[in-house]
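K.L.:
Here's the letter readout for the chains.
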Amino acid sequence: MTTLTLSKALNEGLRKALENDPKVLIMGEDVGKLGGVFRVTDGLQKDFGEARVVDTPLAESGIVGTAIGLALRGYRPICEIQFDGFVFPAFDQIVCQLAKMRYRSLGKLSLPVVIRIPFGGGIGAVEHHSESPEALFAHTPGLRVVSCGDPADAFAMIQQSVNSDDPVIFFEPKRRYWDKAEVDVAEGLAAALPLDRARVLVPGSDVTVLTYGPMVRTCAEAAVAAAQDGRSLEVIDLRSLAPLDTATIVESVRKTGRCVVVHEAVVTGGLGAEIAARITQECFYQLEAPVLRVGAYTTPYPPSRLEEHYLPDLDRVLDAVDRTFGY
Amino acid sequence: MTGERRERRAQLATPLGPFERMAEIRAVEEHIQLLFNEGHVRGSTHLSNGQEAVAVGVAAAARLTDVVTCTYRGHGQALALGLTAKEVIGEIVGRTVGCAGGLGGSMHLVGPDVGLWPTFAIVGAGLPVAVGAALASQVNRSGRAAIAVFGDGAANIGAFHESLNLAAIWQLPVVFVCENNLYGEYTRIQLSTPVSDLADRAAGYAIPGLVVDGQDVAAVTAAVSEALERARADGGPTLLEMKTYRYSGHSKSDPGSYRPAGELDQWLRRDPITIEAGRLIDGGTATAEQLAAVSSRIAAEVRRAAADALAAPQPAVAEMLIHVHG
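Chains as they are written, first to last, in the working numbering: chain U, 1 to 327; chain V, 328 to 653.
What you were told as hints is all true, and nothing was included just to trick you.
Pairwise CB distance ranges (calculated):
| # | chain 1 | residue 1 | chain 2 | residue 2 | range |
| --- | --- | --- | --- | --- | --- |
| 1 | U | R278 | V | E646 | 18 to 28 Å |
| 2 | V | D609 | U | D21 | 53 to 63 Å |
| 3 | V | G366 | U | R278 | 33 to 43 Å |
| 4 | V | Q360 | U | A247 | 46 to 56 Å |
Covered, in the sense of this in silico footprint (three residues per stretch, anywhere, with C-beta under 8 Å from a C-beta of chain U), are these stretches of chain V:
| # | region |
| --- | --- |
| 5 | 442-449 |
| 6 | 460-466 |
| 7 | 492-504 |
The set of hints was computed from the structure by calculation and includes no laboratory data.
All C-beta atoms in this analysis are idealised placements derived from N, C-alpha and C, irrespective of residue type, glycine included.
Work out the full structure, taking the sequences as your base and the hints as a guide.
P.N.:
In structure tokens:
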């Protein structure tokens, strides 16, 4: 076991992926010499060369399109999108091409492309640098969308994503890059939880709290705080946002009868809406309260001084938990 | 399927090959219009009549192991690369004999075994994908080149500029083939584009840019061959602007009434099939009578292919639910 930041755990996972398969390439803006603005690819170009860790111009559509061409030629490219808001120039390539080429070729063409996106706020980085666009991709058939919540998952999930024959949009919780935890970097992937499975992070019996990415830690803290009030929260880290691990979600909510979905993304049309709909359908007779959602307001991401009021926090999670007992 | 496609590709190297394939493309496009008119398939389609020399010239110059990304106006390119009339028509009318089993449709023809990646229905989207194929070749030294075929409309899309820039800075083995048919959808190029020759845009990326007579299949073949040779010799990318014309409107429902009177007639006088026929007759390769007989034979074959395609089963409805994930 080694203590690693989430950023370093991703770096170690990427290193393993590069070591294990010569077809793996990394490309993006400043991923090589600089090692990425969050240093996730630090040192990789030095160790694997400029042909495998490729610095690109500022050209997101070009980067993802190029990755598609590489994948169709047998490579497994990993693209870094420098900040969440920068993915939009690549939207056509991801949604119209990357997601759908398998379908258009009757399943004959695989596109094993990973698109890494640091996402979410909390670092005072304002609009375009703090966004949570995951629902846009989860809405698109043909993509797998995942998010890691801690260093150990970061290490395993990035490798599993590279191994996936489907395109994976890999959301990294930006403000948790510096969180530290124990990671067994010698551990292979055999024992790792499959990429499309949710994890029961904190077992509990009163309210199910579903979350992912940067809010995983917040919800784990909420569970501790709620316990002091005598309420037992079951916190589930969804990990896979598309497909959703509905079975794990349903099993928990049937037990607790109450559910709060927490994400940083805007509530309107967010993943919480999809999850609430599924729970209502599958757990209707077990529900003691409507599924409540905690997320951002339906506004653009605010300037940094207002950020703390905009982002969901411990109090908003606990407030929603309380409200589930008001029905 | 692969064997027949490859055989058809090899036919382009025979003296009559380019003429035959252009005649086939013309016959297929005319037949497709008919199938839509007769209600065999709903939706729209984008015909390439008039642009046959570009499709055939590109295919004649490319190796089987090269890759071509092309547009929704791609029926001709698919046929030129080797797909059969039955596969192309079958795809458009949504039958299992189609090249994508009837799930792709008119805008998404595919044949990776002869270098055709699923055609791109978003303007400009194929260019960066060709750049990626070329980057792969540069990394693994495979000698496989990439060709991006796109229209004049794409030259005003960001992906065009990103792609030329990427290919230029990395000196990738890719040839950018612009089919300048003078219209981006319903808008004449002078209203959308400040330069007369799109080939001039190559200068902004410090790569060679050439204007080519897109109605002359020999000129297209020669220009693409030269650019591919340069690409394979680590000479980097080339932008080729094919001056051509689409006889039909943008899509099925567009009669092209925005075109000035007489323009179509002027271009019909430079018809690529007629030009190639003239070359074959002048060079003593064939007589006008022989070529007329070839055209009749091909027209009959296309009719038969269309009948076979229509007689084939439609894909099972459940097919649309699979192939989404691996």
